[in-house]
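Keeping their order, the protein sequence lines are chains A and B.
By this note's numbering, the letter at position 149 of the first sequence is numbered 149, and the numbering carries on one by one without gaps.
Every position in the second sequence, counted from 1, becomes a number in this note's numbering once 332 is added.
Be aware that a few hints might be false.
Some chain A residues flagged as far from chain B (calculated, every beta-carbon gap over 12 Å) [said to hold, decoys possible]:
hint, residue
1, 48
2, 89
3, 93
4, 168
5, 207
6, 209
7, 211
8, 212
9, 220
10, 256
11, 269
12, 273
13, 291
14, 317
If you only want the chain B side, here are some residues facing chain A, beta carbon under 8 Å, derived [stated by the list, open to error]:
hint, residue
15, 343
16, 344
17, 365
18, 379
19, 380
20, 391
21, 405
22, 409
23, 418
24, 424
25, 433
Just so you know, these hints were derived from the structure itself, not from any lab.
This one's a predicted model, so the numbers in the text were calculated from it and none came from an experiment.
For glycine and all other residues, C-beta sits at the position ideal for the given N, C-alpha and C.
Okay, here's what each chain looks like letter by letter:
Protein chains: 2
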Amino acid sequence: MRREGTLLLKRSEVAALLRLEECIEAVEHVFRLHGEGKVAPPGILGVHARDGGFHIKAGLLEMGGRTYFAGKTNANFPHNMKRHALPLIQGVIVLCDASNGYPVALMDSIEISIIRTGAATGVAARHLARANSSVVSIFGCGNQGRISLRALAKVRPIKRVFAFDRDEDESRRFAHELSGELGIEVTAVADPAQSVLQSDICVTCTPSKQYFLNRDMVAPGTFIAAVGADNEDKQELDPQLLVSNKIVVDLLEQSATIGDLHHALDKGLVTRADVHAELGEVVAGRKTGRTSEEEIIIFDSTGVAFQDVVAAAVVYERAMREGRGTIFDFVE
Amino acid sequence: MRREGTLLLKRSEVAALLRLEECIEAVEHVFRLHGEGKVAPPGILGVHARDGGFHIKAGLLEMGGRTYFAGKTNANFPHNMKRHALPLIQGVIVLCDASNGYPVALMDSIEISIIRTGAATGVAARHLARANSSVVSIFGCGNQGRISLRALAKVRPIKRVFAFDRDEDESRRFAHELSGELGIEVTAVADPAQSVLQSDICVTCTPSKQYFLNRDMVAPGTFIAAVGADNEDKQELDPQLLVSNKIVVDLLEQSATIGDLHHALDKGLVTRADVHAELGEVVAGRKTGRTSEEEIIIFDSTGVAFQDVVAAAVVYERAMREGRGTIFDFVE
Numbered sequence: 001m002r003r004e005g006t007l008l009l010k011r012s013e014v015a016a017l018l019r020l021e022e023c024i025e026a027v028e029h030v031f032r033l034h035g036e037g038k039v040a041p042p043g044i045l046g047v048h049a050r051d052g053g054f055h056i057k058a059g060l061l062e063m064g065g066r067t068y069f070a071g072k073t074n075a076n077f078p079h080n081m082k083r084h085a086l087p088l089i090q091g092v093i094v095l096c097d098a099s100n101g102y103p104v105a106l107m108d109s110i111e112i113s114i115i116r117t118g119a120a121t122g123v124a125a126r127h128l129a130r131a132n133s134s135v136v137s138i139f140g141c142g143n144q145g146r147i148s149l150r151a152l153a154k155v156r157p158i159k160r161v162f163a164f165d166r167d168e169d170e171s172r173r174f175a176h177e178l179s180g181e182l183g184i185e186v187t188a189v190a191d192p193a194q195s196v197l198q199s200d201i202c203v204t205c206t207p208s209k210q211y212f213l214n215r216d217m218v219a220p221g222t223f224i225a226a227v228g229a230d231n232e233d234k235q236e237l238d239p240q241l242l243v244s245n246k247i248v249v250d251l252l253e254q255s256a257t258i259g260d261l262h263h264a265l266d267k268g269l270v271t272r273a274d275v276h277a278e279l280g281e282v283v284a285g286r287k288t289g290r291t292s293e294e295e296i297i298i299f300d301s302t303g304v305a306f307q308d309v310v311a312a313a314v315v316y317e318r319a320m321r322e323g324r325g326t327i328f329d330f331v332e
Numbered sequence: 333m334r335r336e337g338t339l340l341l342k343r344s345e346v347a348a349l350l351r352l353e354e355c356i357e358a359v360e361h362v363f364r365l366h367g368e369g370k371v372a373p374p375g376i377l378g379v380h381a382r383d384g385g386f387h388i389k390a391g392l393l394e395m396g397g398r399t400y401f402a403g404k405t406n407a408n409f410p411h412n413m414k415r416h417a418l419p420l421i422q423g424v425i426v427l428c429d430a431s432n433g434y435p436v437a438l439m440d441s442i443e444i445s446i447i448r449t450g451a452a453t454g455v456a457a458r459h460l461a462r463a464n465s466s467v468v469s470i471f472g473c474g475n476q477g478r479i480s481l482r483a484l485a486k487v488r489p490i491k492r493v494f495a496f497d498r499d500e501d502e503s504r505r506f507a508h509e510l511s512g513e514l515g516i517e518v519t520a521v522a523d524p525a526q527s528v529l530q531s532d533i534c535v536t537c538t539p540s541k542q543y544f545l546n547r548d549m550v551a552p553g554t555f556i557a558a559v560g561a562d563n564e565d566k567q568e569l570d571p572q573l574l575v576s577n578k579i580v581v582d583l584l585e586q587s588a589t590i591g592d593l594h595h596a597l598d599k600g601l602v603t604r605a606d607v608h609a610e611l612g613e614v615v616a617g618r619k620t621g622r623t624s625e626e627e628i629i630i631f632d633s634t635g636v637a638f639q640d641v642v643a644a645a646v647v648y649e650r651a652m653r654e655g656r657g658t659i660f661d662f663v664e
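This is chain A alone, in the form it adopts within the complex:
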């Protein structure tokens, strides 16, 4: 019996423990397992509140001989910053030993939600963007824009970035910060149309409810990571973009209900059969990734529970090795 108490990890500790490179490798690993049919289908549960909502993602994963369960409860309240000076997304991850149910850790979910999503963008770009991709457009210059660019810079030789945000202060701050941090040219742009046409990779990570990226803006060969849409109301891509371009999703069931895909399905422009692959199938080599320099490939990212499980397990194991966090015994 292991009965060491429950490890509590706050946001700053999680941020220090979860390195992006390690998270990209871990997330790639779990997508591969999923593609090989070795990961049980994850679960998702939503509860609406007046000014926002709660969603729970839960899943199970074997890692290094241990099996972990993680359930992430995230609150998403769009007006939080202005009304309450609280983050838009807040939450907690419960990590359990899946051999006996013991809650081994409780940790803040904010950093994991951000980083594991960025890591999926990196994994997708590694398999779906042209190898020599060097120019990137980013729509949405918040936390997710930052981590997406950092992840892309880990997997592709990024040299030039165009940053767009409806709030121009945000895009300027983003350009200043990220150019310094990554040592590449990052430019804030007011009208993204021309920049997207020059880009090898385009990431959309906004809270938009109306699409803003359409067919005319996208050059042949572009890889598009559509990250923002993660509920039924959000939308970033013109549904026409999904017609006759290669669609890869993180999890078909989720993309078909809460991703950009679902708008195209709703309009009858595509069917589920038009989806080329789930990302895990590509990573596992069961489906092809990019097969030409010209094809436009769209990755519809909605965020899968197994990304949370693996990231939480990585954080927990490093915390235990390095003696971080606070032990609290809930069952006294």
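Fit chain B to the known structure of chain A by using the hints.
Relative to the frame of chain A, chain B by itself:
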């Protein structure tokens, strides 16, 4: 902005803060709200593990001007005690302010799961058992047997109790403890058939996967609380018992899938239309409760998320008033 950190409450603190009387009233209140259509449908999510499973129940509730969200993650590992010296059920409740998503408390779920279930049995008995009910049979002499009897003793003039458990040591210990605590006659019985026939109320709260209570054992007028079955494999009542007796469920959707009801539905012995009411409808006065001294009424209890939300909110509010628990800031 309220930003007081997250309150951590361990099992012993929750046990001290959640009084049964108060929990019965709170649970009755939330069932009434549900019966009045004022509670949003709760959500439930299950994840299977090799030796057990995890289930998450989540819901939203307004209480005293504040709106709370609670998500309960419970691990259920039947062999835990023997293999790991850990409880069969373990878990954590995340309680959030539903106006902004802030996680106001994290608390051990064990006591809440036990007490809110016993409280529902009490509420159901108050509305469905004969007013002069004084003789009780209890099947299953664990934690749930104890709290069921305590709850019944709060709402009905209980004088005599028959206790049955497959482990006779358990039923003897139960009889000894509860007779002392409640000052009533509690007898361990080896063969429950005769005792049930003499009983006004019968509670089944076992982990059984095969039914053991059948029509011949139950006298007219009995109130049966079927508490044990809370997943698709568990069963306590002969499906024939549900035929032509009054069935009240806590939540139709759950009883039809994980309660004793679902076995009778599967066999085609009853339909959903044969269910008389959800408990909340009876509490709210929208459906009748007991209408004769002779009818047998069965309450199929599966455990609803809003019971957890209200119990967690009661615990949290008392903890804040009394200055209990430990504050931990996850978002530093």
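Just pull the numbers of the violated hints for me, sorted ascending.
1, 2, 3, 17
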